[in-house]
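**Q** Chains as they are written, first to last, in the numbering used here: chain A, 12 to 166; chain B, 12 to 166; chain C, 12 to 166; chain D, 12 to 166.
Check the hints yourself; a few may be wrong.
Copies of the same chain look alike in the list, so a pair counts if it works inside one copy or between any two.
When the alpha-carbon atoms are kept at most 25 Å apart in a straight line, the in silico BS3-like pairs for lysine-lysine are as follows [to be verified]:
id: 1; residue 1: K91; residue 2: K77
id: 2; residue 1: K102; residue 2: K77
id: 3; residue 1: K91; residue 2: K18
id: 4; residue 1: K18; residue 2: K102
id: 5; residue 1: K163; residue 2: K91
Think of the hints as simulated: they come from the structure by calculation, not from any bench.
There are 4 protein chains.
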Amino acid sequence: MKKHPFKIYPNTPPPLAFAVSRRVRFEEVDSLGIVWHGRYPSYFEDVREALGDKFGIGYLDFFREKVAAPLRQLHFDYLKPLRLRENFTIKAQLHWSEAARLNLTYEIINEQGELTTSGYSIQMMVEPREQTVLMVPPPFFQAFLKRWQEQKFAG
Amino acid sequence: MKKHPFKIYPNTPPPLAFAVSRRVRFEEVDSLGIVWHGRYPSYFEDVREALGDKFGIGYLDFFREKVAAPLRQLHFDYLKPLRLRENFTIKAQLHWSEAARLNLTYEIINEQGELTTSGYSIQMMVEPREQTVLMVPPPFFQAFLKRWQEQKFAG
Amino acid sequence: MKKHPFKIYPNTPPPLAFAVSRRVRFEEVDSLGIVWHGRYPSYFEDVREALGDKFGIGYLDFFREKVAAPLRQLHFDYLKPLRLRENFTIKAQLHWSEAARLNLTYEIINEQGELTTSGYSIQMMVEPREQTVLMVPPPFFQAFLKRWQEQKFAG
Amino acid sequence: MKKHPFKIYPNTPPPLAFAVSRRVRFEEVDSLGIVWHGRYPSYFEDVREALGDKFGIGYLDFFREKVAAPLRQLHFDYLKPLRLRENFTIKAQLHWSEAARLNLTYEIINEQGELTTSGYSIQMMVEPREQTVLMVPPPFFQAFLKRWQEQKFAG
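All chains, please: the whole structure from these sequences, using the hints.
**A** Here is the structure:
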């Protein structure tokens, strides 16, 4: 539905997908009775962290390797609101790239199966202190890319 | 620097601008010592609320008129981090549109005068309960547009 | 360990208990690498909402009955920090009271089984608009007290 | 009005006071139209940071000296709600202690001059990595206590 800004090259591995379920909290709802738009970075981060943990490229993996991966772009398309105590699913896809970056797209789906919000994020890998961008991904990430290419993440 | 997605028609009034100053709070900084990316919706909202209050199109004005203006798109380009206790300025520009929407662009400037984050937001005016989009802006907003067009907001 | 300020009368029903599990999120951790103290109201609310949902006295039940239950007192004793991605359990106990109030105590337990934070909250039932305190609990809550007294919540 | 748990010894310097003004933000208000109780740690921290900056005992001072001062107790008495866009003042008093701790009381005052929330916090000074409690305050803090005792903070 929504175009993201990533280049997809032919003959590259398909995206890695993950999803988490969550319920709207009281504190997330504004005075209009809907989730405040500023809570959605947290929703996207939830699934991004979970995807990272699953595939060995989470915050703790980056920390251990002394690499940070701050966001460079973050985009939201809000289509429908979420309301108090509503259950929803946050889906993420990590798109193939051999550069020192992470390209993800997101979809939030409500209990009726409707797409309520979509979006994307771009992270660049940097040296944490000076925030200088890495030219190539660190070894642990290259090993992850190799496993991905060899389709070791089936299922 | 960053292109926004709004159409700008010739011979329309120039944007209305506003700025607020703020200091990075302890609670806004993450374990890497920089402002967590998810705090920036709050930064943008700060200046958006202040601009709305100044020109008579703030949340309380919309509430009183029984119209809501939820965000439909929100975009961030993170260029440089902000650190603990750093002072910064958040600038916003409201761009001319005769539709029932609000188009804003944002810039965050640090104490060195550097652009650290830019972005934009699109809001649609809706009936609050059903979230149905208005065809035309409500009367108070049309009156605001008229004052804008007549350049009543100089200075 | 920690004394709470509630009077416990003899021959009243024992507390109702509930617990939820959660994992420390990236956004919850401060620049010292530990959960910022200001996130704990959210942790306590998580278990309080879950306990409320389980026993039919959650936010949505109060909303439906046009009663609010804002906090009057909230207290935290921070004993040990929680760190990034740590798993923990939040336990709550609702203590018997026939007044139009809710008295809860809380305990947060880390993966090593250590008590990291304890606390309590007091809520008063009010009419939402004017915040005037109710003299007696609303009928749905009295029915809940009756079920509690009759030990219908075993297990 | 509200008793705090600190011992006040005779013939010790009077408290140091500070206040900041703030306006209720849209994001701070819940679905009942009042500030969510969990935002108040941020309000207390605002004035605590400002007081710390003024007297040279802020977060950055502690960081520089490699000492942390995490909260051990935090208490809120909520008396009246704050509503959307309401202006209010947060007042803090730092109470004299020669131990490696910080004892503060807080008051939030609305535009009508009414006390809406009061509370207190206790911080213990610790070595940041292991969180071991210091026996005595670090030298920079002892120098601060000396200036306080000599009434160098008049006005």
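**Q** Hint by hint, work out which the structure violates, then give me just those numbers in ascending order.
**A** 2 and 5
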